[in-house]
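A.B. asks: Sequence:
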Amino acid sequence: LDALYDILSWNNIVIEVGKNVSKKQNVINLPLMHILIESARHSDEIERTIAQNDLKNTTSPSAKSITRQILKSKNFCLEIGIKLLIDFDDSAVSFRSKLVGIEQGKYLLLKAPGPFGRIDPDLFQVEDLIIKSLYKGTIYAFRSKLISIISEPSKLMFIEYPRKIEHHELRSHKRCKCSIVTQTEVNKEERGGVIENISIGGCLCIIETFSTDKNLLSRLLNDTLPFRCHFPGSKGEVSFRGEIKNTRKKSDEIFVGIEFIDLDSPDEVQRTIKNYIQLIEYSSENV
Numbered sequence: 001l002d003a004l005y006d007i008l009s010w011n012n013i014v015i016e017v018g019k020n021v022s023k024k025q026n027v028i029n030l031p032l033m034h035i036l037i038e039s040a041r042h043s044d045e046i047e048r049t050i051a052q053n054d055l056k057n058t059t060s061p062s063a064k065s066i067t068r069q070i071l072k073s074k075n076f077c078l079e080i081g082i083k084l085l086i087d088f089d090d091s092a093v094s095f096r097s098k099l100v101g102i103e104q105g106k107y108l109l110l111k112a113p114g115p116f117g118r119i120d121p122d123l124f125q126v127e128d129l130i131i132k133s134l135y136k137g138t139i140y141a142f143r144s145k146l147i148s149i150i151s152e153p154s155k156l157m158f159i160e161y162p163r164k165i166e167h168h169e170l171r172s173h174k175r176c177k178c179s180i181v182t183q184t185e186v187n188k189e190e191r192g193g194v195i196e197n198i199s200i201g202g203c204l205c206i207i208e209t210f211s212t213d214k215n216l217l218s219r220l221l222n223d224t225l226p227f228r229c230h231f232p233g234s235k236g237e238v239s240f241r242g243e244i245k246n247t248r249k250k251s252d253e254i255f256v257g258i259e260f261i262d263l264d265s266p267d268e269v270q271r272t273i274k275n276y277i278q279l280i281e282y283s284s285e286n287v
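Numbers 1 to 287, taken from the working numbering, label the letters of the sequence shown in order.
Treat the hints as calculated values from the structure; they're not laboratory data. Here the structure is a predicted model, which means the values were calculated and not measured. A few of these clues could be false.
Pairwise CB distance ranges (calculated) [as the list claims (entries may be wrong)]:
no. : residue 1 : residue 2 : range
1   : S239      : S218      : 45 to 53 Å
2   : G192      : S151      : 50 to 58 Å
3   : I80       : S239      : 38 to 46 Å
4   : E237      : K145      : 51 to 59 Å
5   : I280      : K235      : 36 to 44 Å
Ideal placement from N, C-alpha and C gives every residue a C-beta, glycine not left out.
Make the full structure from the sequences, and use the hints.
C.D. replies: Shown next, in the form of structure tokens:
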């Protein structure tokens, strides 16, 4: 996670992909690669955004930005303890911090960047800040103002509660949490599973393991498996196939990231998945 925040704080990125000549398996960590690609794209989008934006909420022509959607403050759901990056206007350096408290609608309480004593005191005379965070596959960013800094009993920063929050989805399709019982077939053996999150393009599924399994993780990667399940609110059982894009093991379960392919009756299946995702989103908005 520290590496991801380092990448997000880079201003200019050059990515060179070389041939892997070692004996290690040639595996790309897709979420990290998404961030690398988005970070590079972010550099180009900054110039376009600054040129096209009306700058209504910008006090400096050098202010940093990201391609965004605007959220209302009431939808700002960062958890206490989440890591943050602080950008001071007119500074090319980002500082790490952590969210330690929230007074709804009034202020956020952050740990002062450390080591506190080595940071130029003049930076803290600048009121305007840009705060960024990576949370569940989404980059959040918002502008704020420094209210106060205290050193005792701990070194903390009080900043204004954001009026609006910008967010940028790293994934091409937004994922929604769920819990759908499914059945699949691995090596001609029927196995149970649970879909834990889903998007229009794929899902994360937990598959049961057997004591006779050997090297199952490596054998599953890039394999294509059949799945069938019943989506709440839909009629009948839905069947689809998915390519395994990533795998990991935890205790006696295997987590597999799946990309949907070769959907049976694709229009109907896609409509069922889309309707289910809309149902989840509607339910979460009205809780």
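A.B. asks: Each hint: holds or not?
C.D. replies: Hints, verified against the model:
{"no.": "1", "hint": "S239 to S218: 45 to 53 Å", "result": "26 Å, violated"}
{"no.": "2", "hint": "G192 to S151: 50 to 58 Å", "result": "56 Å, holds"}
{"no.": "3", "hint": "I80 to S239: 38 to 46 Å", "result": "42 Å, holds"}
{"no.": "4", "hint": "E237 to K145: 51 to 59 Å", "result": "55 Å, holds"}
{"no.": "5", "hint": "I280 to K235: 36 to 44 Å", "result": "18 Å, violated"}
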